[in-house]
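*Asks:* Read off the chains here:
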Amino acid sequence: MSEYFKAAIIDNISLNEDLKLLTITPLVPTISPGAGQFYMLQVGNTYDPLLKRPFSIFRSRGFDYGHRRLEFLYKIRGKGTLCLSNLKKGDDIYVIGPIGNGYPVPKEDFVVIAGGMGIASLYPILERLKKRAYLFYGARNKDELIILDEVMALSKEIIIATDDGSVGQKGVIIDVLKSSPLIKHNSLPVYACGPALMLKGLSMLVKDAKITCYVSLDEYMACGVGACLGCVVKVRSQKTEVYKRICKEGPVFDLEDIVWD
Amino acid sequence: MGLESREERVELSVDIAGVRLKNPVMTSSGTFGYGEEYSEFVDLNRLGAIVVKGLSVTPKEGNPPPRIVEAPAGMLNAIGLQNIGIKAFIREKLPFLRQFKTHIIVNFFGDSIGEYVQAAEELSNASASDGGIHALEMNISCPNKEDGWIVFGTDPKAMKQVVTAVRKTTNLPLIIKLSPNVTDIGLMARVVEDSGADAVSLINTIIGMVVDVKKRRPMLANTTGGLSGPAVRPIAVRMVWEVYRAVKIPIIGMGGIMTTNDALEFLVAGAKAVAVGTGNFVNPLATIEIIDGLGRFLAEEGIYNVNNITGSLEI
Ligand SMILES: Cc1cc2nc3c(=O)[nH]c(=O)nc-3n(C[C@H](O)[C@H](O)[C@H](O)COP(=O)(O)OP(=O)(O)OC[C@H]3O[C@@H](n4cnc5c(N)ncnc54)[C@H](O)[C@@H]3O)c2cc1C
Ligand SMILES: Cc1cc2nc3c(=O)[nH]c(=O)nc-3n(C[C@H](O)[C@H](O)[C@H](O)COP(=O)(O)O)c2cc1C
Ligand code: FES
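Chains as they are written, first to last, in the numbering used here: chain E, 1 to 261; chain B, 1 to 315.
Calculated from the structure, these hints are not laboratory results.
Just so you know, not all the hints are guaranteed correct.
[Unchecked claim] In silico DSBU-like pairs for lysine-lysine, Cα to Cα no more than 30 Å straight-line:
| id | chain 1 | residue 1 | chain 2 | residue 2 |
| --- | --- | --- | --- | --- |
| 1 | B | LYS214 | E | LYS79 |
| 2 | E | LYS239 | B | LYS87 |
| 3 | B | LYS145 | E | LYS234 |
| 4 | B | LYS145 | E | LYS200 |
The shape of chain E in the complex, shown without the other chains (with noise of 0.2 Å):
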């Protein structure tokens, strides 16, 4: 089930230079997201951009008592980020979601790998079962390690890696995991999203273990509702190989099904 809806901006704050927090109510009662969900969110007024863009949510509040908050955190990267960063406090615009499958739910201790802006995803599983996640945080640099106070007081332990080594161990997420017994000798689940490199890290990395992956695809969206197959990838299906849309069948999928390019 998702909606279409109208929602005014209550926040458009700047945590660093080209990362932001939006935060929007709906102006009707609407349903609340799952982890892992996401929205597609109207980012300016003109027809240029046209097309909404998807964002996951990062948090939601107060869907229980009538006062709703969605929180995305999102990244300036070209013209439709840059014309939402535009957007103040008391703009309206048109939302559609949740959107998609969002993540399975973890029971126990579980592990996650974030690299950069996928975190945003990540947050409410980490939210949801508080201190049971072995957290694995990526990011190019320092100011890139978004939220990293809330998540680690969210996660039983957190191994971070940036490119430049400011914090945590140098070099990309994926070769720390390479040497974590987590990965090797564990059978916990693990939940993941960030860039295609780093998933397609992953893959190779867990190819011959028993480990069931969770990860969330990125792609181009136009309808985000599964009414125009602009936004699939290719998976294993019932021995085929078949397109998928990440706005519907998606955006988790089963890292075992994806067949990289």
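Given chain E's structure and the hints, the job is docking chain B with the ligands onto it.
*Replies:* Using the frame of chain E, we list chain B with the ligands on its own:
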């Protein structure tokens, strides 16, 4: 008399190829899935018609991603006509669509004359036995594998052959969807009319390209894609007007329609009905708002039948 009661008096129904639509607003193929995708937000009963995603005899996998990229006031797509195939559509999607009080127009295509004919035959047979398909829309912007991959819709001879062959196969109302990637669209419409088509729809997307300059690569895996959205609207309106002057069969106009005013441009230029495509992505309620807006506009103008605005352009 108040505006509201005048609005109620406005006749919005139109006749396209013998099908009586309750209003002239439909969805365009490939932008509304098989109807169910938008049924959470849109009351499908209110639509003049639903045109479903293009179908072929056998399922098609489609192109590798990225399949879409934004362009100024528009988007490019290279979906590659991914679809579940006619049989699966009839089995899995049509029963859902039959529940609604709207008309279902099935868009189809092939890569040879034989395949077009077979597709039309299968759809006509399904319609004859179980109903639920009210008209066919034939996408001719596809290459012919039996003749050097020349696109049917850009070659008058190939177009005549394929439309004539399909016309012989089906008794369902036959709408031909014209390609805008031609020099003289009026000529193309005439060929189609002479080959027995009941109506034409236009425009399909305009071939375009976007380049990632850092990577020196096209943004789409397919290199080129079809441009749609507000960016194409003036071209589409011009083409509808040219076709209106060239043929007598009804025209379904589309290309960048977002608002009531946009829809009216097409009607005034000669379209009898309109379709919303990319507009659905931007505003899922665009079709409904346009249906309401047309009633209001016509009441304000004192035009009580939408047919009277078709081709009302003064030069
Ligand atoms: C399900 C989902 C959830 C997402 N959640 C978040 C989130 O919580 N926070 C966040 O900051 N971003 C998120 N994104 C990505 C976000 O949607 C894009 O960054 C945004 O659409 C870029 O728009 P733009 O116009 O600013 O950039 P563009 O001008 O379109 O692109 C700028 C650069 O970003 C790249 N890019 C753009 N869109 C994507 C994409 N979808 N996948 C991969 N690369 C892309 C382009 O290749 C280009 O290099 C999510 C994407 C998806 C599909
Ligand atoms: C994502 C997408 C998929 C499309 N798929 C089809 C299709 O399968 N068959 C077809 O005849 N036209 C297809 N079209 C063309 C549209 O039906 C329409 O003719 C065109 O987009 C112009 O209208 P618009 O600007 O309102 O989108 C597609 C367009 C888009 C954007
Ligand atoms: S974005 Fe249209 S199908 Fe996923």
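*Asks:* Does each hint fit the structure? Answer for all of them.
*Replies:* Checked hints:
The straight-line distance between the Cα atoms of B:LYS214 and E:LYS79 is roughly 16 Å, inside the 30 Å bound, and the hint therefore holds. Of the pairs offered as hints, the one joining E:LYS239 and B:LYS87 holds, with about 21 Å between alpha carbons and a cut-off of 30 Å not exceeded. Annotation: proposed proximity of B:LYS145 to E:LYS234 holds, straight-line Cα distance about 26 Å (limit 30 Å). For the hint pairing B:LYS145 with E:LYS200, the CA-to-CA distance comes to about 37 Å; that exceeds 30 Å, so the pair is violated.
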